[in-house]
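Q: Please build the complete structure, drawing on both the sequences and the hints.
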Amino acid sequence: MRIFPIRHHGPGSARSLLTAFEDYRPDAVLIEGPPDADALIGLAASSGMQPPVALVLYPPDEPRRAVYYPFAAFSPEWVALRWALQNGVPVRFMDLPQSHQMGLERDEPDLDPLGTLAEMAGFEDGERWWEFLVEQRSGSGEVFEAIAEAMAALREGRESPPREALREAWMRKTIRSVKAERLAVVCGAWHAPALSGGTARADDKLLKGLSKTKVEATWVPWTFARLAFASGYGAGVESPEYYTLVWETPPEQLTVHWMSRAARLLREEDLSASTASSVEAVRLAETLASLRGLPLAGLAELMEAAEAVFCTGVTTPMQLIRERLVVGQRLGAVPEDAPTVPLARDLEKLARRLRLKQEAAHRALELDLRKPNDLERSQLLHRLALLDVDWGELRESRGMGTFRETWGLEWKPELAVHLIEAAVWGNTMEEAASARASHDALALETLPEVTELADQVLLAELGVPLPVVLGRLESLAAVAADLGHLMDALPRVARMLRYPGVRGTEVSSLQAVLDGLVGRIVVGLPLACASLDDEAADLMLRRLMEVDLALQTHRADWEGALAGLASQESLHGLVAGRCVWILLDRGGLSEEQVAVRLSRALSDEPAAAAAWAEGLLRGNGALLVHTEGLFGALDDWVGALSDEAFQTVLPLVRRTFSTFTGPEKRQLGERARHGRPLTKAPSELDEERAARVLPVLRLLLAGGGGPAG
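So the sequence shown is residues 230 to 938, counted in our numbering.
Bear in mind the hints are in silico, worked out from the structure with no lab data behind them. Some hints here could point you the wrong way.
[What the hints assert, rightly or not] Here are the in silico distance ranges between beta carbons for each label pair:
1) Ala759 x Asn656: 53 to 61 angstroms
2) Glu595 x Ala394: 49 to 57 angstroms
3) Arg521 x Glu388: 34 to 42 angstroms
4) Pro390 x Glu595: 46 to 54 angstroms
5) Thr478 x Gln315: 16 to 24 angstroms
6) Pro571 x Arg521: 51 to 59 angstroms
7) Lys894 x Ser871: 24 to 32 angstroms
8) Pro342 x Glu477: 21 to 29 angstroms
9) Gly522 x Pro390: 32 to 40 angstroms
10) Gln315 x Glu681: 47 to 55 angstroms
11) Pro571 x Glu353: 43 to 51 angstroms
12) Glu388 x Ala765: 56 to 64 angstroms
13) Glu595 x Glu378: 56 to 64 angstroms
Every residue, glycine too, gets a C-beta built ideally from N, C-alpha and C.
A: Structure representation (structure tokens):
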């Protein structure tokens with residue numbers, strides 16, 4: 230038996246392991262991994278399996294407790310699996326099964342033996358030390374003996390934590406069960422010294438009485454972004470894309486290849502990166518390595534050299550390099566015959582038909598809902614959202630009205646587990662989303678929640694649960710007592726009434742809901758706006774704006790309610806000012822009437838006056854630019870403030886002005902600097918200056934043929 234202590238996801242370890250296997254030619258292989266997934270090992274040899282991938286193990290009744298075992302092409306465990314399968318050598322996993330591990334406590338601190346050894350060797354961290362010691366090697370089986378000796382010295386006098394002791398006992402038990410002349414054992418470096426000792430009797434005693442949980446397993450695609458974080462068994466690397474290049478490239482060519490890729494990437498993004506700069510960056514990286522006593526430039530030297538040569542003080546190129554060439558955006562693939570739930574299969578079929586590709590990188594998807602394929606894409610993404618499978622995030626769209634949707638797409642590995650969780654609702658996307666929506670309609674208790682659900686059901690085009698959801702919405706809207714809930718629900722209901730023009734969905738029953746919401750809001754608004762503090766007034770302001778923007782009918786009732794509200798003496802200034810602005814915008818008040826109201830409000834104590842002005846002007850600097858009476862009233866008010874009062878209201882006024890656009894601020898600044906309107910009124914026309922251009926105008930109007938009478 231030979232033990233090969235490796236580092237999870239280490240390309241140098243993988244290269245050395247491959248060399249050692251070719252030399253040792255084992256007739257059986259054991260790998261640190263979950264025996265619960267032994268039946269899936271054969272799929273690793275499939276042409277449809279493209280790393281990065283992961284084994285996922287989960288209790289069928291609690292998929293959220295899933296544990297992941299990710300593999301990249303440069304992972305030593307993956308290399309061992311592939312070598313054994315390609316050479317017809319029996320291969321198994323040997324770690325403590327997850328059926329037992331899921332019943333154990335997870336309160337033990339993570340072990341960091343590499344960090345300890347790195348500190349002893351004078352390195353800043355374990356990753357950099359391991360890269361120097363192992364990853365930059367061309368491949369040698371001798372390194373494993375040195376690693377085992379180092380770990381044995383590090384573990385001397387230390388007892389394994391309880392969980393680790395159980396794992397190592399199971400590994401020893403598995404090793405004893407294998408009858409082979411040349412057994413290869415591949416394990417994390419920390420465990421190596423513990424696997425050749427112990428007795429069967431002691432291990433059996435330690436393992437006796439372990440609880441057992443039913444566990445299922447499958448393969449799922451993984452991403453480099455997820456591989457860059459700690460996985461289910463405590464492993465993880467900072468630079469998976471860089472490690473892929475380390476695995477695929479001879480060490481002596483690595484610096485040139487990486488820097489060439491960096492330059493090409495920058496040029497593809499229209500950033501400067503000449504061939505001469507690439508040569509200079511290679512030389513700088515090699516010089517840094519030499520000064521630091523390193524045989525080859527590592528990632529730190531490559532990044533420092535790239536930043537010095539390509540970036541010239543700009544951060545964007547390095548962000549791009551780190552994202553694409555250090556972490557990477559690769560998404561793996563698994564064969565079609567890998568076990569999975571029917572719901573996941575239905576999603577794969579729909580995604581292929583609709584040409585929706587699962588990608589690890591963020592990308593925007595613009596949908597025109599007048600096109601059948603785009604409409605079906607929208608339906609699918611909304612159905613996934615109902616099932617908490619957030620492949621896409623709906624973003625605010627501009628242009629094309631309600632006929633357009635913009636989605637941000639990113640496939641994350643954990644969505645495979647979310648699909649497993651959602652499979653309890655049905656075997657197809659339509660069936661599962663319908664069942665989930667019907668269940669939620671009866672479980673949700675507040676009007677805003679059910680209104681949001683109704684919106685999602687309509688967008689997802691689910692006919693089965695629609696009557697249930699709309700019925701629940703009507704019943705809650707009829708009895709809801711919270712005016713805030715009514716106001717939050719109204720914009721969604723109003724928007725849903727516009728869906729027939731886009732999706733052809735029958736929603737006429739919602740008109741009665743909207744009518745009822747408007748009536749109850751109009752009646753309850755005065756009482757709800759009484760005695761508001763600053764925070765509540767700010768929330769009410771936003772609700773007033775959302776309701777006003779949503780309402781295309783009932784305008785007379787709504788504006789009448791706002792007019793009555795604005796006349797209340799004790800109304801918070803934010804709400805009063807916003808009511809006046811809405812009435813002005815809708816033609817219910819003239820500019821002169823608003824100027825009078827502003828002047829009256831500014832006569833109040835400074836803080837209340839500033840709040841009224843903010844309610845009127847927030848996000849609407851154009852009103853102040855183009856209305857002389859408002860500008861004059863506000864200018865006179867500020868000028869008359871005492872020093873103490875000015876300091877009190879300055880933050881409030883500054884907050885209001887921060888909502889103005891840049892051009893609006895410039896125009897207001899010019900007006901304040903000159904102390905007069907930006908353009909002269911007709912009565913201030915300078916007739917003498919105007920007379921000077923009349924002869925030229927006569928020539929132009931006459932076509933240049935001479936003076937015109």
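Q: Are the hints correct? Go through all of them and say.
A: Here's how the hints hold up against the structure:
1. Ala759 and Asn656 have their C-beta atoms about 54 angstroms apart, which keeps the hinted 53 to 61 angstroms range intact.
2. With their beta carbons about 56 angstroms apart, Glu595 and Ala394 fall inside the hinted range of 49 to 57 angstroms.
3. Look at Arg521 against Glu388: about 37 angstroms separates their beta carbons, and that is inside 34 to 42 angstroms.
4. Between Pro390 and Glu595 the beta carbons are some 52 angstroms apart, a value that agrees with the proposed interval 46 to 54 angstroms.
5. The hint said 16 to 24 angstroms for the Cβ distance between Thr478 and Gln315, and at roughly 22 angstroms that hint holds.
6. Pro571 and Arg521 have their C-beta atoms about 56 angstroms apart, which keeps the hinted 51 to 59 angstroms range intact.
7. The hinted window of 24 to 32 angstroms between Lys894 and Ser871 holds, with their beta carbons roughly 26 angstroms apart.
8. In this structure, Pro342 and Glu477 meet the distance hint of 21 to 29 angstroms, their C-beta atoms being roughly 28 angstroms apart.
9. A hinted range of 32 to 40 angstroms holds for the C-beta pair Gly522 and Pro390, which are about 36 angstroms apart.
10. About 53 angstroms separates the C-beta atoms of Gln315 and Glu681, a value consistent with the hinted range of 47 to 55 angstroms.
11. Against the hinted window of 43 to 51 angstroms, the Cβ-Cβ separation of Pro571 and Glu353 comes to about 50 angstroms, which satisfies the hint.
12. Checked against the hint of 56 to 64 angstroms, the pair Glu388 and Ala765 passes, with Cβ atoms roughly 59 angstroms apart.
13. The given range of 56 to 64 angstroms is respected by Glu595 and Glu378, whose C-beta atoms sit roughly 59 angstroms from each other.
Every hint from the earlier list agrees with this structure, and none is contradicted.
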